[in-house]
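Enquirer: Given the sequences, and given the hints that come with them, work out the whole structure.
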Amino acid sequence: MPILSYYEGTKLKFAFEGLDPQCAEGRGESPISCGMHIHQGTSCDEPAGDLFVGEGVDNPWLDVFYTATPDGRASGLASIVTGLSTEDVIGRVFAIHDYAGTAIACSIIGEMPAIAHATGFVPYAGYTGNLTTANGGAYPITSDGTNTKFTFDVVGADPMCKDGPAEGVAVSCGLHLHVGTTCEEIAGGLYFAGETNPWLTVSYATQGGDACTAESVVSEPASCYLTGEFETVATGLSAEDILGKVFILHDIQGTPYACATVAPDLGRAPLSASGFVPYFNYDTAAEGALAVSGMVSPVITQAIGVTNSEVMLKGMPAQSFSYGLTGVDPTCADGPTDAPNSCGIHMHAGTSCETEGLGHYFSPAAGADPWVDVVYTATAEGTATGTVTGVATGFPAAELIGHAVVIHDRTGARVACALLTEGVPTVCPEGCQPATAMTRRNLLFSTMPTCPVGCEPVM
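Quick note: the sequence shown, position 42, residue 659 per our numbering, numbers continuous.
Please note that the accuracy of each hint is not assured.
What the hints assert, rightly or not - Here are the simulated SDA-like cross-link-like pairs (lysine to any residue), alpha carbons at most 20 Å apart as the crow flies:
hint	residue 1	residue 2
1	K779	Q824
2	K766	Q919
3	K779	G806
4	K766	E848
5	K779	A822
6	K766	V788
7	K779	D858
8	K766	D858
To be verified - So the derived label-pair ranges between C-beta atoms look like this:
hint	residue 1	residue 2	range
9	G861	F633	32 to 40 Å
10	T799	L975	19 to 27 Å
11	D675	G727	26 to 34 Å
12	E971	G727	22 to 30 Å
13	A742	T1006	38 to 46 Å
14	T686	G861	40 to 48 Å
15	V796	S969	30 to 38 Å
16	V786	G1019	22 to 30 Å
17	P638	C723	14 to 22 Å
18	Y744	G1019	24 to 32 Å
19	G727	T1002	29 to 37 Å
Derived from the structure by calculation, the hints contain no laboratory data. Where a beta carbon is used, it is the ideal one built from N, C-alpha and C, also for glycine.
Expert: In structure tokens, the structure reads:
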């Protein structure tokens, strides 16, 4: 069960069986009836102790509970303001309660397994065929020293593989890890530890039906796609072993045609963008010019299911984020217009706020631009707070770091920019905002209203 704690909140994604079916009828009189909570305890062999919250935070756990099905199942997502970090909750007890409030199950919160990804396919070194539009990738990839597990979503796959691999052809329609470490050279053999090669039975069958043809895969890559999962490829490799290796797609003849490098994924660590500056060509001297400040944080990456060109891709990386901004366009209180990017808050392909931010940032595997309808909600005073969920960019968090977050006004013009970084910024009190690199030195000698280290007064 994934548990993510960032600077003020804890998110749970849960799926349970064997629960109290009476919890299908709602909660009982006990304040912890049908509850699921993090406790202060660190062992399931002794009482778990009180519910666990950060200092100065009102106890949020009494409102956290599951609703079971008649056969005792429950699943869902929960977001709780706990004041706890990931480090705080590791090693603590997670307890499940029945209808009467009695603790019936216990587990110790541990670190999630290391997650990797192989996304952003490029043509294999020396490949000259027509399968050059492959994109998407394998995400997440985990390897525990015994088995390698991965989910894959790819567009631009070989249409000749619709019926699966060709009989008697080695690595036909295969998707495998290789010993190579670059997509610019020959990848070498299949990568595994031990005497038995587990990759020889790992293959795909291209999806897309009659719409997937040799012509369509060039003009419309999403017409020929792959989606699925391999849970037990007995590679004998650890998470560290697979990092830096190449992930290869093979065509019906076994010829490698697409390549991506396995990289660590930072999806478990939130990202953030703060210290907004005017967009590089925005006229700050114009009458009514905007001066945006605040933060977009935390930016959390999760794998979701999305429909893309009538294709269901399971495990598409998507971003959810909260924002708290001042100085945005107050006319966005009336909502966006029909103008492109009106009142938008978007991630862009650019990696600098001093030059052109380029277009919206998303993988070709995502299909249609997921940022088109992402807007902020403003007040008449030019403030904006809110949460955006499930923007299916197709990119893991690791591929977002350093990219620009751009704020648009109601005309769609780009007015402010900040870059995504790892972690979350300092949480600043009212009247203060995260300091930019340019102002942090000045703050040490400032005689303006006092803000904590790392914050500056809102001007």
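Enquirer: Compare the structure with each hint and give your call.
Expert: To see whether the hints hold, each was checked on the structure:
1. K779 - Q824: Holds, because 6 Å separates the two Cα atoms, which is no more than 20 Å.
2. K766 - Q919: 17 Å, holds
3. K779 - G806: Violated: K779 and G806 sit about 25 Å apart, past 20 Å.
4. K766 - E848: With a Cα-Cα distance of about 5 Å, the restraint between K766 and E848 holds, given a limit of 20 Å.
5. K779 - A822: Status holds; Cα separation ~5 Å.
6. K766 - V788: 18 Å, holds
7. K779 - D858: 32 Å, violated
8. K766 - D858: 14 Å, holds
9. G861 - F633: 32 to 40 Å: 37 Å, holds
10. T799 - L975: 19 to 27 Å: For T799 and L975 the Cβ distance comes to about 26 Å; the hint holds.
11. D675 - G727: 26 to 34 Å: 28 Å, holds
12. E971 - G727: 22 to 30 Å: 43 Å, violated
13. A742 - T1006: 38 to 46 Å: Distance hint for A742, T1006 holds at roughly 39 Å.
14. T686 - G861: 40 to 48 Å: 44 Å, holds
15. V796 - S969: 30 to 38 Å: 36 Å, holds
16. V786 - G1019: 22 to 30 Å: 42 Å, violated
17. P638 - C723: 14 to 22 Å: This hint holds: roughly 20 Å between Cβ atoms.
18. Y744 - G1019: 24 to 32 Å: About 29 Å separates the Cβ atoms of Y744 and G1019, which means 24 to 32 Å holds.
19. G727 - T1002: 29 to 37 Å: With a Cβ separation near 34 Å, G727 and T1002 satisfy 29 to 37 Å, so the hint holds.
The structure shown violates the earlier hints numbered 3, 7, 12, 16.
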